[in-house]
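A.B. asks: Protein chains in written order, with UniProt numbering: chain P, 1 to 653; chain U, 1 to 207; chain G, 1 to 292.
Be aware that a few hints might be false.
Said to hold, decoys possible - Sample of chain P residues lacking proximity to chain G, with all beta carbon distances greater than 12 Å (derived):
no., residue
1, 43
2, 201
3, 203
4, 247
5, 321
6, 323
7, 334
8, 431
9, 536
10, 573
As the list claims (entries may be wrong) - Stretch-level coverage of chain G by chain P, calculated; a stretch enters the list once three of its residues show a Cβ under 8 Å from a Cβ in chain P:
no., segment
11, 9-17
12, 42-49
These are calculated hints, taken from the structure and not from any lab test. Just so it is clear, CB atoms sit at the ideal spot from N, CA and C, and this is done for glycine as well.
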Amino acid sequence: MENYTKYKLKSNDELVSLLAGKDNLFIVACNKCFKEFESVDEPECGELEKLAAEQGKTITGSAKVDFLCNKIQTEKKLKDLLPEGTENVLVAACGLGIQTVADLAGMPVFAASNSLNYRGYHGMALTKKGCDACAQCYLNVTGGICPIVDCSKSLVNGQCGGAKNGKCEVDGNKDCAWEKIYRRLEKQGRLEEFLNQPVQMRDYSKVNFKAVNDYVKSVRETRLDGYYGGVHPSERKEYTEHIALERFPDPEVVVIPLSMHAGAPANPVVQVGDTVKVGQKIGEAAAFISSPIHSSVSGTVIAIENHGHATRGECLSVVIKSDGKNTLDESVKPHKDLDSLTPDEIVEIVREAGIVGMGGAGFPTAVKLKPAKPVDTILLNGCECEPLLTADHRVLLEFADDVIFGLKAILKAVGAEKGVIVIEDNKPDAIALLEEKTAECSNIEVVVAKTKYPQGAEKMLIKRVTGRKVPSGGLPADVGCVVSNISTTKAIADAIKTGMPLVERVVTVTGERLKKPGNYIVKIGTNTKDLIDYCGGTIGDDITIKAGGPMMGFVLSDTNVPIMKGSNGIIAVDTDHTVEQPCIKCGRCADVCPMELSPLYYAKYADEENWQGMKDKNVMDCIECRCCEYICSSKIPLVSKIKTGKGVVRGMK
Amino acid sequence: MLITQLKAKETIVSLVDGKKAFIINCQGCKEVHFPEKEAAELEKELAANGQVTGVITTDYICNPDNMKLRLQKHMDEIEAADVVLVLSCGIGVQTVAEYLEEKKVCAACDTFPLPGFQGVTPLEYKCDQCGECYLNLTGGICPITACSKSLVNGQCGGSKNGKCEVDGEMECGWERIYRRLAQLGRLDALKCPTQIRNFATDEEVSK
Amino acid sequence: MKITEAFERGEFVVTAEVGPPKGFHIEHMLEEAKTYLSGVTAVNVTDNQSSVMRLGSLATCKALKDEGLTPIFQLTCRDRNRIALQSDLLSAAMFGIENLLLLTGDHTKLGDHPQAKPVFDLDSVSLIHTVKQLESGVDLGGNELVGEPPKFAKGAVVSPCSDSVDVQLAKMERKVAAGCDYFQTQAVYEPEKFIQFMEKAKQFGKPVQLGIVIPKSVGMCRYMNANVAGIHIPEEMIDELKADKEKTKAGITGVEIAARIIRECKPYCQGVHIMALGWESKVPELLKQAGI
């Protein structure tokens, strides 16, 4: 079979007469969708160029584009593409692509192709014509065989007189749908049910295009709200969002990894047998991008050894047996009040307290507070866009004053004019509270953002709130912003007010497979398994446990790993029983990628080990938010393929 | 791409008919409408009556291989049910019905067409895949989808104040086409021969 | 008789319109038509007007013809595909019905069966083309007809007072190109607009009949202004109807207005088409006042 989907070039005769009297052509061809993703370029562009040249036409240029119907991306691609002197644009695409170009080109645009009639094919794309979307599903009276699609006449009350040997009168190769329906109902003992049903009459007014159009418009608006792409996975925050914080009982032993941050692991400054106190430094920052580590209990160091780690496999860790007394280290004492502290002093306190980004990435906060470029806006990320997690939400509710104090400290440290606390609209209680508490602060504002994942990603948050776009490969400071996580900000407040370094954090333990979900204040180094056991354990077997949320979390094959500075959640969810299938080029990944990339190419290139191709498609811009993998209809593990590619590309430099 | 809407509650209740049901929710194409709240409510009600043997919420059940992998874990619950209630588009229901051939598999939703499943979706553009693109005659505005009657030879007499006779909020497609052609200096396109539609274009695809 | 013959003779052609009832008893309708419309050149029979199901146009045409009147068979694309349309055209020819008015038809959603499947397999332009094709002895599928092909006077409609008259003129041009012989217009209440329209329409060289609907009441005018495409009744005209309620109720004011419009437009067009909408009895008086 010819390799085409969606559209086919018009006949040569028609194209020749179409070109008559038109010259200076620019040719655009859409790389087809909903097909096996084998070739990158479809042949139509070349065929058209050849035909136009034969007709003695001047071709000013040509372009092959993926998903021409994606207006936003097409607009970017078409910009400056049409050369001077172009008078007509010839498009080979389905009707959607042609209309998109016709709207954008500002000059006559002509269709060189006919859209193929694929009505009825949807779902997993071009597998089988199955549903005509008639808006009045008849499958219940037909044993699950569609009479609208499978019967040539779309009869809804039974077989016509045209069937011969069980075949359709229109197509002798096609089984009579009503014969199939009858046999299936017979098999299920449902013939009487069929015979007794009332006369079926189709209602053609049911397809309400107005409602459909309104829906499409609203979905489009949501998709593009604030920034391009993103998804809205089912939130499932109701398990824990109303549960107040509870202090997790002190563990007998803590295992504190020396690497819980981006950059170099800390160097241990204690030895086996040493006695340590709460807040005592046990590991020292090993480089500029690194962080010190502190003890979360008082007791004795019983081992410094490799231990299981949620994200790194194994990591050198300090194992401390608690004496149960929680004796404070002498170094833990309040600093001067905020007004008396200089910006440098604040940064130093943050550095010494071992504070790192607690949203997961673990970038040392002190480094962030010394931006290389002038910063005018500090954004507090209160979005917590990951489904299931409610740790930041609870911190906002129960430690609002600390969060605001921390923000003030950051503002002072960085010398920024404005602080913005961004909260998603699914947390109205937190919004109301923070609005009330910041009413008097002229330089602090609460911004409510419509819930959309990955809103909490720095670049998305900045785009949403300020409209500024962080350049490819750039940092927030490049556009005058610093973004800080809620728990991190609260940790800064603690470090200044009490002198306590980062030794504990709030963790949401939840998921549909966890008996007793909750939000806990947990000491760093607490064993994850103990935490799960404390929550009543899990329900049933075949469960997946993740550190973090369902989108960006890490699968824990072994729960014998410690809670770390970046552990915002532990979740127990159903295992996903799917396997990777070939890409059908449905384009959904390109539609949801907030970085406006084309993830489908990463899957293809990773399999081909075409690392240069990955680099050319800007794989390094990927923020690994997993939107593409979430939406992928073929269940391709895109993020792991991307991570592999990034690793190789990084080495290429 | 589609929109699924829950059938009337009475209809669904009568499908279960006081017996036991296994429920499959397909939140398939994700951004495409799935009546999440209504479905949850209904399922809660049925469960309260002890009528539910199991519920799974999944995606892309139209993909037969992955659908099977997911259902296999629940075969006991499916066995115990008299009816399998599928909340999905028509494709999903049929995929399940074919797999569970001996079982009464019912559709709890109606499926509405959503234009533009060709690629990125949903879209602001519409294409009815008529198989004989008219965009060259219309300045790039599709008369099949932009006109309520899918007229291909010009405006009917029903437009009032530039709006369609069927929907007063919808712009008359042919008025839009005329303006676009005028703007492009291409009104001569209207002097083309009389257009007659060919409704047999799906043959090519079914081959 | 073909209505085109009357145009060719240079007559100012008057036609009127009847709507078949919802039911098959048409004695009353026939009686009214004979009494009041015998003076007109031909009588249009609507085809399930406004998408409201009624007695068929073709059968009613035959009944009118049997009573000695000249019917114009209105045919819309709403309810029939190209097979049924061509078949009905041949049936009309067999009955000796020679005049056609070919329309797209209102959408099904506007009528009393909104659940119905709207057909629109053809539209008004392609329907004219189809008739032309049949007249050449070949059907739309390219198959030859048996015996002498039918011959019709092919009419179509246009809205001169439409808010988008340029778009209407473009469609009119396509209808002419497809083979339309004459036009009847949507009801006109603004003679100036009609005259301007005719200035542009005369290039097509096809006879145009001015459309007239007698304004019955203020309420009817308001309704048409709000809901009926291509119609706008000026406020002064509505004020005229308001002035003397009794006179309006008796139909005197409406007939006066309609007659005035005809008188003003007559020099610019080739006939008048009266849609009496139940006021068939007023037609003779209207024609008298209009000086026809």
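A.B. asks: Over 12 Å from every CB of chain G: does residue 536(P) meet that, or does the non-interface label fail?
C.D. replies: holds, 55 Å
A.B. asks: Under a C-beta cut-off of less than 8 Å, do 3 or more residues of the segment 42-49 of chain G approach chain P closely enough to confirm the stated coverage?
C.D. replies: Coverage by chain P is violated here, the residue count being 0 at a Cβ distance below 8 Å.
A.B. asks: Has the segment 9-17 of chain G got at least three residues whose CB is nearer than 8 Å to a CB belonging to chain P?
C.D. replies: violated (count 0)
A.B. asks: Beyond 12 Å from every chain G Cβ: check whether that's true for residue 321(P).
C.D. replies: holds, 78 Å
A.B. asks: Verify that the Cβ of residue 43(P) lies farther than 12 Å from every Cβ atom of chain G, and report whether the claim holds or is violated.
C.D. replies: Since the minimum Cβ distance to chain G is about 34 Å, residue 43(P) lies beyond 12 Å and the statement holds.
A.B. asks: Can we confirm that no CB of chain G comes within 12 Å of the CB of residue 203(P)?
C.D. replies: violated, 4 Å
A.B. asks: Residue 201(P) clear of chain G by more than 12 Å, beta carbon to beta carbon?
C.D. replies: violated, 8 Å
A.B. asks: Report holds if the minimum CB distance from residue 573(P) to chain G is greater than 12 Å, and violated otherwise.
C.D. replies: holds, 45 Å
A.B. asks: If we take the beta carbon of residue 247(P), is the closest beta carbon in chain G still more than 12 Å away?
C.D. replies: holds, 64 Å
A.B. asks: When you look at the beta carbon of residue 323(P), is every beta carbon of chain G farther off than 12 Å?
C.D. replies: At roughly 80 Å from the nearest Cβ of chain G, residue 323(P) sits farther out than 12 Å, so the non-interface label holds.
A.B. asks: Non-interface claim for residue 334(P): all C-beta distances to chain G beyond 12 Å?
C.D. replies: Its Cβ never comes within 12 Å of chain G, the nearest being 74 Å, so this holds.
A.B. asks: Measuring Cβ to Cβ, find out whether residue 431(P) lies farther than 12 Å from everything in chain G.
C.D. replies: Label holds. Min Cβ-Cβ 44 Å, cutoff 12 Å.
Hint violations for this structure: numbers 2, 3, 11, 12, all remaining hints satisfied.
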